[in-house]
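Model the placement of chain B on the given structure of chain A, informed by the hints.
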Amino acid sequence: MTFMKTLFGAGTALTLSMTAALAEPGLIIDLGGKFDKSFNESAYNGAQRWLKDSGGAYKETELQSEAQREQSMRRMAESGANPVVVLGFANASTLEKVAPDYPETMFTIVDMVVDQPNVQSVVFKEHEGSYLVGVLAAMASESNVVSFVGGMDVPLISKFACGYAQGVKAVKPDAKVIVNMTGTTPTAWNDPVKGGELTRAQISQGSDVVYAAAGGTGIGVLQTAADEGILSIGVDSNQNHLHPGKVLTSMVKRVDNAVYEAFDTFEKGEFTPGIKVMGLNNGGVGWALDDNNEPLITESMMATLEETQGRIISGDIVVHDYTTDSSCPAF
Amino acid sequence: MNKMPKWADVALIPAINLLLALAVSALVIAYIGENPVQAMKIMIKGAVGSAYGWGYTLYYATNFIFTGLAVAVAFHARLFNIGGEGQAMLGGLGVALVCLALPWPHWTLALPAAVVGGALFGAAWAAIPAYLQAKRGSHIVITTIMFNFIASALLVYLLNNVLKVPGSMAPETPRFIEGARLPTAYDFGAWLGFTRSAPLNVAFFVALACCVGVWFLIWRTRLGYEIRAFGQSEPAAVYAGIQPVKITVIAMLISGGLAGLMGVNAVQGEAERLIIDSVQGAGFVGIAVALMGRSHPVGVLIAAVLFGALYQGGAELEFEIPAISREMIVVIQALVILFTGALDNMVRAPVARLFSGFGKGAA
Chain A
291 MTFMKTLFGA GTALTLSMTA ALAEPGLIID LGGKFDKSFN ESAYNGAQRW
341 LKDSGGAYKE TELQSEAQRE QSMRRMAESG ANPVVVLGFA NASTLEKVAP
391 DYPETMFTIV DMVVDQPNVQ SVVFKEHEGS YLVGVLAAMA SESNVVSFVG
441 GMDVPLISKF ACGYAQGVKA VKPDAKVIVN MTGTTPTAWN DPVKGGELTR
491 AQISQGSDVV YAAAGGTGIG VLQTAADEGI LSIGVDSNQN HLHPGKVLTS
541 MVKRVDNAVY EAFDTFEKGE FTPGIKVMGL NNGGVGWALD DNNEPLITES
591 MMATLEETQG RIISGDIVVH DYTTDSSCPA F
Chain B
21 MNKMPKWADV ALIPAINLLL ALAVSALVIA YIGENPVQAM KIMIKGAVGS
71 AYGWGYTLYY ATNFIFTGLA VAVAFHARLF NIGGEGQAML GGLGVALVCL
121 ALPWPHWTLA LPAAVVGGAL FGAAWAAIPA YLQAKRGSHI VITTIMFNFI
171 ASALLVYLLN NVLKVPGSMA PETPRFIEGA RLPTAYDFGA WLGFTRSAPL
221 NVAFFVALAC CVGVWFLIWR TRLGYEIRAF GQSEPAAVYA GIQPVKITVI
271 AMLISGGLAG LMGVNAVQGE AERLIIDSVQ GAGFVGIAVA LMGRSHPVGV
321 LIAAVLFGAL YQGGAELEFE IPAISREMIV VIQALVILFT GALDNMVRAP
371 VARLFSGFGK GAA
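Chains as they are written, first to last, in our numbering: chain A, 291 to 621; chain B, 21 to 383.
It is possible that some hints are incorrect.
What the hints assert, rightly or not - Using 35 Å as the maximum straight-line C-alpha spacing, the simulated DSBU-like pairs for lysine-lysine come out as follows:
hint : chain 1 : residue 1 : chain 2 : residue 2
1    : A       : Lys-324   : A       : Lys-484
2    : A       : Lys-349   : A       : Lys-462
3    : A       : Lys-558   : A       : Lys-387
4    : B       : Lys-184   : A       : Lys-349
5    : A       : Lys-387   : B       : Lys-61
6    : A       : Lys-566   : A       : Lys-349
7    : A       : Lys-387   : B       : Lys-65
8    : A       : Lys-566   : A       : Lys-484
9    : B       : Lys-184   : A       : Lys-324
10   : A       : Lys-387   : A       : Lys-536
11   : B       : Lys-266   : A       : Lys-484
12   : A       : Lys-342   : A       : Lys-324
13   : B       : Lys-65    : B       : Lys-26
14   : A       : Lys-462   : A       : Lys-484
15   : A       : Lys-558   : A       : Lys-484
16   : A       : Lys-349   : B       : Lys-61
17   : A       : Lys-558   : A       : Lys-536
18   : A       : Lys-566   : A       : Lys-459
19   : B       : Lys-266   : A       : Lys-349
20   : A       : Lys-342   : B       : Lys-65
21   : B       : Lys-61    : A       : Lys-324
22   : A       : Lys-536   : A       : Lys-324
23   : A       : Lys-324   : A       : Lys-558
24   : A       : Lys-342   : B       : Lys-61
25   : B       : Lys-26    : B       : Lys-266
26   : A       : Lys-484   : A       : Lys-349
27   : A       : Lys-349   : A       : Lys-324
28   : A       : Lys-466   : B       : Lys-61
29   : A       : Lys-342   : A       : Lys-558
30   : B       : Lys-65    : A       : Lys-566
31   : A       : Lys-387   : A       : Lys-342
32   : A       : Lys-324   : B       : Lys-65
33   : A       : Lys-536   : A       : Lys-466
34   : B       : Lys-65    : B       : Lys-155
35   : A       : Lys-459   : B       : Lys-155
36   : A       : Lys-466   : A       : Lys-484
37   : A       : Lys-566   : A       : Lys-342
38   : A       : Lys-387   : B       : Lys-184
Calculated from the structure, these hints are not laboratory results.
Just chain A, with the same shape it has in the complex:
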């Protein structure tokens, strides 16, 4: 009996130490590809940064179709990865189903709230960052017409568009904001050709600054804007370097920080499930300034942006969030 107990004890200890050794974090890259220069790439960069800082290892897999979500998520959890980070709202319904089956595994979902005891939901205040770049767009525009190209037509993207429009109207109340969406299915995240076409159509309507919030589709938007000689605004990752001097700025959404922190806090045993909101106040969103766009940003723009940013953080300016009531005062 005692012998058995020892044996069992040893077995348990062994299993435990094995689990600890095997607990590498996992990242599931969403549709659109790892190198979309935007949303997914930002997450990938966060994981890479963690890799360099921690010297650890992580597991990664890339989705190719909608129907693979569940298998990839389960495969990741079964392989012992912990925590598992999934990107994008489209994972919400799948995660709701999968998470209860793996109570030991922690999940992080970006861009959506999933109410499960082992899920951390990271949501961003994209409307605040978009408001800032909207202010900048209005100041840079000479034609008083600016435009927006969204990816898939979902409330999340309308949240970007609405924040942007509010920022524009705050500076120039009579300015026109043209809003177009690329499509209604996930393929809209990866259709640069259509992105380019929409941009061209907007230019013909007089737009001289275009903001793309469309994942991989945005590459086509930025390219067309550069070719046609108008300014563009990138999204998620810092995209200023794609066309130096032609990209006004990028609305950076620090998905990389969300991934990095999920990995890092778990390693330190500080991972907390629940909702995590990342906004201007905690560096979750912001606008990008580097050598590539410095010549485009005048001193008065700089001052206005800093002032606006301060007023949003202090609560002096409240940017309306489209997803709260599915309407936008600035449209």
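This is chain B only, laid out in the frame that chain A set:
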């Protein structure tokens, strides 16, 4: 050609085809600098080396049995139904509508209703190409493939505008209620080691029943005889009093219905809601499955399990060796389809010659 024994026709030639395909795949894997032996090991182990692997392999196989049988039935009437993809999509829609329509108390009631819904929608989607072929002579290959695109567009429209959960961002229906969800392998096969993760569900048994049903239909009924006779020779069939229009339409309706049943597995059994792209190319894999299985239900079953293993092994390979991307997996799968389907005669002719040579030697 006729000298070849039956076992060579049904087992040897597919096996040689498969080995050739894997050999070429190994060359491709070696070319990108990975170890082909290790890759094959991961694929086989991932597909059939654990209850987890089997859970997925048989789940994919269930899809392929439905679409493979669909293509096989049409083949017997010499109709090339390449619209399995669209018919399965519509079948999924039918299944979803049935599951969402009523507050189902128990899956034993929901399953038969979903089977009827899936089969009806799939058959309806095959009906128009069938009618056009039978009455107007529009080629079935062209019309069915065009209907795949229409199906996909229709589904996108419905999911975005009609069936979507209000306020939700993802284009998908709400999850089916408890009473409409099918028992998975965990519920009926936990003693075999299946875990909650296995997507294999009771639709697998529906697929097996369909295999028996198709066998009975084609070889044991008058209608099956008429279908085969029509497929062998239309003038002879007409001479024997078989109506071409009737047989064309009926064969296509059965074919479409079988493809539509895939929705029971993929939509009701696994996802438990209708999503875009639930078919995942199974309609096209069905063509390869039917070709490899020589349009016989037993052959279709074996070929479907093989392709299921290939799908699951491929997913595993992609997970274990990141250097082998998803596209590489598609290459391997495509090579298998190429060798077993299109290049079948390349192996068949020399093997047949070999056998006739042996035959002469012995005689």
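Verification of the hints:
Only pairs whose Cα atoms come within 35 Å are accepted, and Lys-324/A paired with Lys-484/A is accepted, the gap being roughly 20 Å. The hinted pair formed by Lys-349/A and Lys-462/A fails the criterion: a straight-line CA distance of about 48 Å is larger than 35 Å. A threshold of 35 Å between alpha carbons decides the hint, and for Lys-558/A with Lys-387/A the separation of about 28 Å falls inside it, so the pair holds. Restraint check: the Cα-Cα separation between Lys-184/B and Lys-349/A comes to about 33 Å, which is no more than 35 Å; the hinted pair holds.
Distance hint between Lys-387/A and Lys-61/B is fulfilled; the C-alpha atoms sit about 31 Å from each other, no more than 35 Å. A hinted pair counts as satisfied when its Cα atoms are at most 35 Å apart, and Lys-566/A with Lys-349/A qualifies at roughly 23 Å. The suggested pairing of Lys-387/A with Lys-65/B holds, with an alpha-carbon distance near 27 Å, which does not exceed 35 Å. For the hint pairing Lys-566/A with Lys-484/A, the CA-to-CA distance comes to about 34 Å; that is within 35 Å, so the pair holds.
A hinted pair counts as satisfied when its Cα atoms are at most 35 Å apart, and Lys-184/B with Lys-324/A qualifies at roughly 28 Å. Between the alpha carbons of Lys-387/A and Lys-536/A the distance comes to roughly 44 Å, so the proposed pair goes past 35 Å and is violated. Note on Lys-266/B and Lys-484/A: the hinted pairing is violated, with a Cα-Cα distance of about 45 Å set against a maximum of 35 Å. Taken as a hint, the Lys-342/A and Lys-324/A pair is honoured in the structure, with Cα atoms around 18 Å apart against an allowance of 35 Å.
For the given pair, Lys-65/B sits about 31 Å from Lys-26/B by alpha-carbon distance, which is consistent with the 35 Å threshold. Straight-line distance between C-alpha atoms of Lys-462/A and Lys-484/A comes to about 29 Å, which keeps the hinted pair within the 35 Å bound. A threshold of 35 Å between alpha carbons decides the hint, and for Lys-558/A with Lys-484/A the separation of about 44 Å lies outside it, so the pair is violated. Distance restraint check for Lys-349/A and Lys-61/B: the Cα-Cα separation of roughly 20 Å lies within the 35 Å cut-off, and the hinted pair is therefore satisfied.
This hinted pair does not check out: Lys-558/A and Lys-536/A have alpha carbons roughly 42 Å apart, beyond 35 Å. Straight-line distance between C-alpha atoms of Lys-566/A and Lys-459/A comes to about 30 Å, which keeps the hinted pair within the 35 Å bound. For the hint linking Lys-266/B to Lys-349/A, the alpha-carbon distance of about 56 Å lies beyond 35 Å, and the restraint is violated. Between Lys-342/A and Lys-65/B the alpha-carbon distance is near 32 Å, which keeps this suggested pair within the 35 Å criterion.
Proposed proximity of Lys-61/B and Lys-324/A is supported: the alpha carbons are some 27 Å apart, at most 35 Å. Of the pairs offered as hints, the one joining Lys-536/A and Lys-324/A holds, with about 24 Å between alpha carbons and a cut-off of 35 Å not exceeded. The suggested pairing of Lys-324/A with Lys-558/A holds, with an alpha-carbon distance near 27 Å, which does not exceed 35 Å. Proposed proximity of Lys-342/A and Lys-61/B is supported: the alpha carbons are some 31 Å apart, at most 35 Å.
A distance of roughly 33 Å separates the Cα atoms of Lys-26/B and Lys-266/B; the hinted pair therefore holds under the 35 Å criterion. Restraint check for Lys-484/A and Lys-349/A: satisfied, since their Cα atoms lie roughly 33 Å apart, inside the 35 Å limit. Among the hinted pairs, Lys-349/A with Lys-324/A is consistent with the structure: their alpha-carbon atoms are about 14 Å apart, no more than 35 Å. Simply put, Lys-466/A and Lys-61/B have alpha-carbon atoms about 61 Å apart, too far for the 35 Å limit, and the pair is violated.
The hinted pair formed by Lys-342/A and Lys-558/A meets the criterion: a straight-line CA distance of about 16 Å does not exceed 35 Å. Between Lys-65/B and Lys-566/A the alpha-carbon distance is near 40 Å, which puts this suggested pair outside the 35 Å criterion. A C-alpha spacing of about 33 Å is found between Lys-387/A and Lys-342/A, which places the hinted pair at or below 35 Å, so the restraint holds. At roughly 27 Å between alpha-carbon atoms, Lys-324/A and Lys-65/B fall within 35 Å of each other, so this suggested pair holds.
Distance restraint check for Lys-536/A and Lys-466/A: the Cα-Cα separation of roughly 21 Å lies within the 35 Å cut-off, and the hinted pair is therefore satisfied. For the given pair, Lys-65/B sits about 50 Å from Lys-155/B by alpha-carbon distance, which is inconsistent with the 35 Å threshold. With a C-alpha separation of about 62 Å, the suggested pairing of Lys-459/A with Lys-155/B is violated against the 35 Å cut-off. In summary, the hint linking Lys-466/A to Lys-484/A is supported, as the alpha carbons are separated by about 22 Å, within the 35 Å threshold.
Simply put, Lys-566/A and Lys-342/A have alpha-carbon atoms about 25 Å apart, close enough for the 35 Å limit, and the pair holds. Taking the CA atoms of Lys-387/A and Lys-184/B, the gap is about 18 Å. The hint holds against a cut of 35 Å.
In summary, the numbered hints that this structure violates are 2, 10, 11, 15, 17, 19, 28, 30, 34, 35.
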